[in-house]
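S.K.: Listed below, chain by chain, are the residues.
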Amino acid sequence: MKRFAVSAALAAFVAMPAHAQIKPAITFDVGGKFDKSFNEAAYNGAEAFKKKTGIAYREFEIQNDAQREQALTRFARDGHSPIIAIGFSNGSALKKVAAEFPNVRFAIIDFVVDLPNVQSIVFKEHEGSYLVGLLAAQASKSGKVGFVGGMDIPLIRRFACGYAQGVKAGKASAEIFQNMTGTTGAAFNDPLKGGELARSQIARGADVIYHAAGNTGAGVLRAAADANILGIGVDSNQNGMHPGKVLTSMLKRVDVAVEKVLTEANNNQWKAGVTVLGLAEGGVDWAQDDNNKALITADMRAAVEKASADIKAGTVKVHDYMADQKCPVQ
Amino acid sequence: MSAKPVSLPRWADVILLPALNVGLAFLASGLVVLAIGESPLEATALLLRGALGHAEGIGFTLYYTTNFIFTGLAVAVAFHAGLFNIGGEGQAMLGGIGAAIAALLLGSLPAIIALPAAILAAALFGAGWAAIPGWLQAKRGSHVVITTIMFNFIASALLVYLLVDVFRPTGMMEPSSRVFADGGKLPFLHEIAASLGFKLAKSPLNLSFVLALASAVAVWLLIYRSRLGYAIRTVGANPTAARYAGISPERITILAMAISGALAGMMAVNEILGVQHRLLLAFTAGYGFVGIAVALMGRGNPVGIVFAALLFGVLYQGGTELAFDKPSISRDMIVVIQGLVILFAGALEFMLKPWIAKLLTRKEPA
Numbered sequence: 020m021k022r023f024a025v026s027a028a029l030a031a032f033v034a035m036p037a038h039a040q041i042k043p044a045i046t047f048d049v050g051g052k053f054d055k056s057f058n059e060a061a062y063n064g065a066e067a068f069k070k071k072t073g074i075a076y077r078e079f080e081i082q083n084d085a086q087r088e089q090a091l092t093r094f095a096r097d098g099h100s101p102i103i104a105i106g107f108s109n110g111s112a113l114k115k116v117a118a119e120f121p122n123v124r125f126a127i128i129d130f131v132v133d134l135p136n137v138q139s140i141v142f143k144e145h146e147g148s149y150l151v152g153l154l155a156a157q158a159s160k161s162g163k164v165g166f167v168g169g170m171d172i173p174l175i176r177r178f179a180c181g182y183a184q185g186v187k188a189g190k191a192s193a194e195i196f197q198n199m200t201g202t203t204g205a206a207f208n209d210p211l212k213g214g215e216l217a218r219s220q221i222a223r224g225a226d227v228i229y230h231a232a233g234n235t236g237a238g239v240l241r242a243a244a245d246a247n248i249l250g251i252g253v254d255s256n257q258n259g260m261h262p263g264k265v266l267t268s269m270l271k272r273v274d275v276a277v278e279k280v281l282t283e284a285n286n287n288q289w290k291a292g293v294t295v296l297g298l299a300e301g302g303v304d305w306a307q308d309d310n311n312k313a314l315i316t317a318d319m320r321a322a323v324e325k326a327s328a329d330i331k332a333g334t335v336k337v338h339d340y341m342a343d344q345k346c347p348v349q
Numbered sequence: 267m268s269a270k271p272v273s274l275p276r277w278a279d280v281i282l283l284p285a286l287n288v289g290l291a292f293l294a295s296g297l298v299v300l301a302i303g304e305s306p307l308e309a310t311a312l313l314l315r316g317a318l319g320h321a322e323g324i325g326f327t328l329y330y331t332t333n334f335i336f337t338g339l340a341v342a343v344a345f346h347a348g349l350f351n352i353g354g355e356g357q358a359m360l361g362g363i364g365a366a367i368a369a370l371l372l373g374s375l376p377a378i379i380a381l382p383a384a385i386l387a388a389a390l391f392g393a394g395w396a397a398i399p400g401w402l403q404a405k406r407g408s409h410v411v412i413t414t415i416m417f418n419f420i421a422s423a424l425l426v427y428l429l430v431d432v433f434r435p436t437g438m439m440e441p442s443s444r445v446f447a448d449g450g451k452l453p454f455l456h457e458i459a460a461s462l463g464f465k466l467a468k469s470p471l472n473l474s475f476v477l478a479l480a481s482a483v484a485v486w487l488l489i490y491r492s493r494l495g496y497a498i499r500t501v502g503a504n505p506t507a508a509r510y511a512g513i514s515p516e517r518i519t520i521l522a523m524a525i526s527g528a529l530a531g532m533m534a535v536n537e538i539l540g541v542q543h544r545l546l547l548a549f550t551a552g553y554g555f556v557g558i559a560v561a562l563m564g565r566g567n568p569v570g571i572v573f574a575a576l577l578f579g580v581l582y583q584g585g586t587e588l589a590f591d592k593p594s595i596s597r598d599m600i601v602v603i604q605g606l607v608i609l610f611a612g613a614l615e616f617m618l619k620p621w622i623a624k625l626l627t628r629k630e631p632a
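From first to last, the protein sequence lines stand for chains L and B.
Counting from 1 along the first sequence, just add 19 to a position and that's the residue number in our numbering.
Counting from 1 along the second sequence, just add 266 to a position and that's the residue number in our numbering.
Not one of these hints is a red herring.
Straight-line Cα separation of at most 25 Å, PhoX-like style, residue types lysine-lysine; simulated pairs: (1) L:Lys52 to B:Lys592; (2) L:Lys70 to B:Lys592; (3) L:Lys115 to B:Lys465; (4) B:Lys468 to L:Lys114; (5) L:Lys114 to B:Lys465.
Just so you know, the hints here were simulated from the structure itself, not pulled from any lab data.
Please read these numbers as outputs of a predicted model, since none were measured by experiment.
All chains, full assembly: derive it from the sequences and hints.
M.R.: Here it is, written out as structure tokens:
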């Protein structure tokens, strides 16, 4: 107790003069901060921090690859810290700039940069996707479920693979249709094509469709709602987009991660290193609210809660596609 | 580039008209900036200072300029043959693939061997990719506008496949190749300056800027001083007459497309060998399309293209700085301003022409 009091007093003493406000800055990825998905979640986290502390932040939306290094350098030189880069595409730029400015604190989402002044935050999307896959298998009457991904990259295949494992765990005989929207970044912003892909899966019998496709997913959820079947949202809680027609959403708490980095930096608790946010850490989860209450039966809830506990305890391991570029189930 | 209804003195056509068009574009942009409650004068000052006011800014401006010279020249060469090559993006992607393959394989060799090979590979891959639509146009009559834009998508899919399934080191999140060994890296200008003993601000500007200027000279010689260039212009002006003169429009179409593609492919020299030192997705970032505006503004003339490319370089770098300093001017606003320049300089390029012609001819005694 005494030691605590001393260290608290010391911390207060140290914190007092050091409490010059932090000057945070964020670079959003090409999707832009209002992409209704990944970048917007980061934006919401920063806004939440700003609301609580009154500390403003600088921001920049990346347009081309040369700007990644330029923006980070510029923020670092202007004395900003921490500087948060949103998205794995900033990885190599951040690595260079962070090495150049060892006294500036950096953070990056969805990528690991191994430097003493960088905090890397990655998510176990496969774990969250497993849970919504499990729910999809149980909610499906036809035994056929769908997945619509955005751009065909390993990260999105990781969502697909976790989902497929969850579906098979829920119903071994279930059939899974998988489609990727495209091969360029535009695939994350093409709701029309998302709707088309969803309709084709519905025509083949799918009655629950999960998307990991950013804004493209808006079309997927719309098509599912129009056909009176169920969609599953991603990243943010999208249950309210079509109440009663969205089974659940796979939450990827980028907002929490961003707010955490900022808060920790503000309280002098910031640490470098890799932060892996899985189910156990509250980094991914499935969304339940009033909009989907009626869709989740007691059996489903019990099953998903058991799976969740098993994954947290380590008795169920969800295979990570990115570990070996393979998926055990299709 | 073909027959003109009103003719202007050369200086008016090459300097006055583009300058007036850019002036109009800036005026319209100023109104937009005013509408969102910012001062257009301050914005213009920030833009110009960001692009030309300090060494690092100039470096970035010239780095963008390099891309636009290559893609602008690419579009211009095809224009002269009467072809509208809008596949610069795809050809640049293929150029990137070629450069990357060479740099990955030969990167451990001395740069004096590896770099020329990689540059050549970029040009050859770009040329090959553009020659196919050229061949389809010449032999099958498939319109080159349709085929080149479709080839952009094929190139993009190919690039994604190669990056995701072939080039990417296992366990790496980003779809990109490994970083090239030193032999595959074009030196930055600030590095060259440092080795010569003076200090230059760090920027992505690299040796490919010199290559771009050399290409502009080469294209000028090709178009206006060579037999092939004459054939290209003849086919562009009138394929029937060209055939009558013993020129094969088919052969010229394929050749012009290949040269155009080679130039577009060389844009990858700047991005891949010069700046990123690895192959990555979306490195073309729309520069291929902007090349169309650059070529239009430069009137298909390499000298004009270099200046038009510089203008777009200023817009890109100045726009970036503007977005930094004025949070209320988002990157979408910058796109609006760039779009207005393209609109006035490209689509409406002849809007002022009749009036200027009238003004100029009135002065001369009829």
